[in-house]
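Taken in order, these protein sequences are the chains called A and B. Offset between the first sequence (1-based) and the working numbering: plus 27. Offset between the second sequence (1-based) and the working numbering: plus 8.
In short, the hints are calculated from the structure, not lab data. Computed from a prediction, not measured in an experiment: that's the story for all the values here. Using N, Cα and C, we set each Cβ at its ideal position, and we do this for glycine too. Do not rely on the hints blindly, as some may be mistaken.
Said to hold, decoys possible - Computed cross-link-like contacts, DSSO-like style, restricted to lysine-lysine with a CA-CA straight-line distance of at most 27 Å: (1) A:Lys132 with A:Lys207; (2) B:Lys271 with A:Lys44; (3) A:Lys81 with B:Lys179; (4) A:Lys236 with A:Lys81; (5) B:Lys179 with A:Lys44; (6) A:Lys81 with B:Lys271; (7) A:Lys132 with B:Lys179; (8) B:Lys179 with B:Lys271.
What the hints assert, rightly or not - Listed next, the stretches of chain B that the computed footprint assigns to chain A, with coverage defined by at least 3 CB atoms under 8 Å from CB atoms of chain A: (9) 94-100; (10) 104-116; (11) 152-165.
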Amino acid sequence: MNVIEVQGLHKSYADIKAVDGIDLTISQGEIFALLGPNGAGKTTTVEILEGFRKADSGSISVLGFDPSQRGVQSRIWRNRIGIVLQSTADAGDLTVQETLSHFAKYYSSPRDVDEVINSVGLDEKRGALIRTLSGGQRRRLDVGLGIIGSPELLFLDEPTTGFDPEARRAFWALIQSLRKGGTTILLTTHYLDEAEALADRVAVITRGKILEVSTPTQLGGRASAKARIQWKSDGVIHEELSDNPTDVVRRLASQFPGEIPELQVVRPSLEDIYLSMIGEK
Amino acid sequence: MSKTKSLPTTIALGVARGGLEIRQFMRQRESVVFTLAFPIILLAIFGSVFKTTLAEGVTFSQYFVAGMIASGLVNTGFQQLAIIIPMEREFGSLKRLRGTPMHVASYFIGKSILVFVSMTIQVLLLLAAGIIFFGVELPTDPYKWLTFTWLIVLGSAASTALGIAFAAVPKSGRGASAVVSPVVIILQFFSGVFFVFTDLPGWMQQVAALFPLKWMTQGMRSVFLPDSFAAREVAGSWETERTFIILLAWLIAGVFLAIRSFKWSRD
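Pulled out of the complex, with its shape left as it was, chain A reads as follows (with noise of 0.2 Å):
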């Protein structure tokens, strides 16, 4: 089953073509990243799929609904998913647990609200006003409210900006127990270990299109990369592409009586595809 079903989606705003006619499907339970840099088109494509902004045109289907449609139907419908937006920075005089279980409220059927300040690692910060929290813990909270309401789909608009490497892992296994517990999530970022890490699959978008859906591994037919081998000999570093390194290390270790002297052998990253993709390489 599609969980969103995205067909020729346009959006402009004045004379600038933000969307230029995106196609997009994600399945039940996938994670699906959107990669692109700044003004690519990325949040504007989410905030039409979360029902915050109008397309020009196109066809919308997000939990078989519409998300520009108004009134009851879409509050059973925003039921249905959690929403964690780039940036929000309330006043902050509410306690941590005093704010979930607010909107805890709003759901028809709630996640337990001590069970959600565990999973995002804010036990200690339980009766701490949002005021005093750092940055990561907000953005955790951010987190814990997105999935306060049990979401099918959760949408994910660059999560961890500003995280330390630690508390980035520790949301990273979140997402993770999430989609075990079968939620759809539909992330946008702009790291890409955290696509690697995430993702089943990711779009690569810019200037209002995508280039490329792909899974992280195979993108920009990365998987079918030549790798680089390297070594030096002669004093000098010697270079070869190959698309069977094993054969190139064997030959080399053939040729020298111990060690190659600095072999590498690298394959593409996920940066290096993705930097060629948008044109910065």
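Position chain B relative to chain A; hints supplied.
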């Protein structure tokens, strides 16, 4: 995942939001001081400086207390909301609410509860200060209490609706106070809060008569000043029916404008 249970009702969520709003309000020292204590300080200053007697048994301080109670409806409704809502919009709290199944009406109900509670506290504080320090007497005529009740309900409802409507005007959250406060202060000067209304230039009186505060102050005077003072009003009477109609008209206009102009986010 099936969601068999139905969504909570708009009213129940509105009440829950009201409780939350009050809790937040009480924790913000600035808002408590600015909204609740400032009018009391003003009352203390003006009441002590201007000790003139306006008419038989009516001092300026009593006249001023009536005006400040009317202003309290504007401070806790219009001013408070027209400052808070743009801030909530800028911080993204409104957009986050927009993403939940909560109905917008629950948000408005919560804000109305906040206004009603802070308004009640403010009016009680001003009344207590007026009685203790400035010789204001509570009316004994039940008809005057009736007037007081509808003035409070209608005035504060109109003030709430107009505050939500005016919240669309400030361009940023931080700048909201600079846009809203002067509007309120000028209105207070024009409407006979700081000065005796009939002493103001005629054009000022005519401008003030277009806005609700002038009618609220006049209504509050009809409650707290002796009836003999009615002769000193512009029309030579309290114009009670007219006040009712004008406040009702502003309430209807306010609700209409609030619904038309309310925005969850800035773009």
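Original post:
Does Lys271 of chain B pair with Lys44 of chain A here, judged by a C-alpha cut-off of 27 Å?
Top reply: Judged against 27 Å, a Cα distance of about 24 Å means the pair holds.
Original post:
Given the hint that Lys179 of chain B pairs with Lys271 of chain B, does the C-alpha gap stay at or below 27 Å?
Top reply: OK: Lys179 of chain B and Lys271 of chain B at ~12 Å, within 27 Å.
Subject >> Lys81 of chain A paired with Lys271 of chain B [C-alpha distance capped at 27 Å] >> reply: Roughly 15 Å between the alpha carbons, so the hint for Lys81 of chain A and Lys271 of chain B holds.
**OP:** Given the hint that Lys132 of chain A pairs with Lys179 of chain B, test it: the Cα-Cα distance must not exceed 27 Å.
**Re:** Answer violated: Lys132 of chain A to Lys179 of chain B is near 32 Å, above 27 Å.
Original post:
For the stretch 152-165 of chain B, do three or more residues have a beta carbon lying closer than 8 Å to a beta carbon of chain A?
Top reply: violated (count 0)
Original post:
Between Lys236 of chain A and Lys81 of chain A, is the straight-line Cα distance small enough, at 27 Å or below?
Top reply: holds, 18 Å
Subject >> Per-stretch coverage check for the stretch 94-100 of chain B, three Cβ contacts closer than 8 Å to chain A >> reply: holds (count 4)
Subject >> Lys81 of chain A paired with Lys179 of chain B [C-alpha distance capped at 27 Å] >> reply: holds, 23 Å
**OP:** Measure nothing beyond the straight line between the CA atoms of Lys132 of chain A and Lys207 of chain A; if it is 27 Å or shorter, mark the hint as holding.
**Re:** holds, 25 Å
**OP:** Could you grab the alpha-carbon distance between Lys179 of chain B and Lys44 of chain A and see if it respects the 27 Å cut-off?
**Re:** holds, 26 Å
Subject >> Coverage assertion for the stretch 104-116 of chain B with respect to chain A, Cβ distance below 8 Å, three residues required >> reply: holds (count 7)
Hints 7, 11 from the list above are not met by this structure, while the remaining hints are.
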